[in-house]
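Residue numbers (my numbering): 1 to 295.
Since the hints were derived computationally from the structure, they do not count as laboratory data.
Keep in mind that a hint or two might mislead.
[To be verified] Simulated DEER-style distance windows between Cβ atoms: (1) Pro162 x Arg245: 34 to 42 Å; (2) Ser223 x Pro68: 30 to 38 Å; (3) Ile46 x Ser223: 58 to 66 Å; (4) Asp60 x Gln272: 48 to 56 Å; (5) His36 x Glu273: 47 to 55 Å; (6) Asn6 x Gly152: 38 to 46 Å; (7) Glu273 x Leu37: 50 to 58 Å; (8) Arg137 x Thr160: 30 to 38 Å; (9) Gln12 x Gln89: 34 to 42 Å; (10) Arg247 x Arg142: 12 to 20 Å; (11) Arg245 x Pro221: 37 to 45 Å; (12) Ser104 x Val41: 17 to 25 Å.
Glycine included, every Cβ here is placed at the ideal spot set by N, Cα and C.
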Amino acid sequence: NSGKSNVETQLQLVQEGISCTLSQLLETGVLHADPHLGNLVVVRRINDKKEETVQLGYLDFGLVAQVPPQVRDGLTCAVVQLVFSRDMQAVARLFGELQLLPESVIQDPIECQALTQALEEIASQVLVYPDDNGGDRVPALRFDNLLSALLGLVTRFEVTLPPYFLNNARALATLEGIARRLEPSFNVLEVVYPFVLDRLLRNPSMSPVVQQTILQLVRSPESNRIDRHRIRQLVEEVARLTGNRKRKVVADAMSTAGGRQISRALLREYVQEKKQNGSPLSKKRPSERSSILRL
Numbered sequence: 001n002s003g004k005s006n007v008e009t010q011l012q013l014v015q016e017g018i019s020c021t022l023s024q025l026l027e028t029g030v031l032h033a034d035p036h037l038g039n040l041v042v043v044r045r046i047n048d049k050k051e052e053t054v055q056l057g058y059l060d061f062g063l064v065a066q067v068p069p070q071v072r073d074g075l076t077c078a079v080v081q082l083v084f085s086r087d088m089q090a091v092a093r094l095f096g097e098l099q100l101l102p103e104s105v106i107q108d109p110i111e112c113q114a115l116t117q118a119l120e121e122i123a124s125q126v127l128v129y130p131d132d133n134g135g136d137r138v139p140a141l142r143f144d145n146l147l148s149a150l151l152g153l154v155t156r157f158e159v160t161l162p163p164y165f166l167n168n169a170r171a172l173a174t175l176e177g178i179a180r181r182l183e184p185s186f187n188v189l190e191v192v193y194p195f196v197l198d199r200l201l202r203n204p205s206m207s208p209v210v211q212q213t214i215l216q217l218v219r220s221p222e223s224n225r226i227d228r229h230r231i232r233q234l235v236e237e238v239a240r241l242t243g244n245r246k247r248k249v250v251a252d253a254m255s256t257a258g259g260r261q262i263s264r265a266l267l268r269e270y271v272q273e274k275k276q277n278g279s280p281l282s283k284k285r286p287s288e289r290s291s292i293l294r295l
């Protein structure tokens, strides 16, 4: 075999299951809608080095759901707003994109404020944020409280939760439970968050909602202006969580049309704000400042 312990192998399979769920939910939009443990199987193979490897396989595709691009983009933005900015009002406003609430409810100031407050209460129950003085910003997610809290939203706001959403939330909860028995410090959001951060920067669907979200994320809360420190912070978080160099993070983002579109939008806003403030612009050649992500 490859020399991995049984615990390491099981953890690898759990992480593979979480990654497969995220890929289906956010990338392909074609989702196994009933991924309980009875529909998952361990597939053993012999690789070119004559070592035994294990992979995760799915069974029973009788229930398959399609996730609209709008919902995929909304989920991406909601997770990043939740972890990076802790902005529950921004998350509440994404409920329309997520097709959980009609836009008329989101546009009602009273209802939107009530939803924001409800989300803040839920966050206090299901998220445990690390000490801000530490290097880790990713909160631990308490799945045991999450589903009951979401059902409370259904009652209060008539939120519509698609069956695939609940089924995959339960599947993630099960996978996380297995992982935590193997490794008590395991945090499912440390797998989810870098995945959605990477997708946010690449913006493969060229979504205006994703572009707008990034512009919100990199603004200073005090001045509401583009903040180079927050841009660096965003890139550094992706680099730290994925194990990639910052240059690769930027290069990957710039390799997609959506990423380049976001970069141009950031640059336009940054230059416009500089001009409005009467601040001098950089004398660098255009090729050196073609991406605001490099500032």
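Query raised in the report: Tell me, which hint numbers fail for this structure?
Result: Going through the list in order, the structure violates hints 10, 11, 12 and respects the others.
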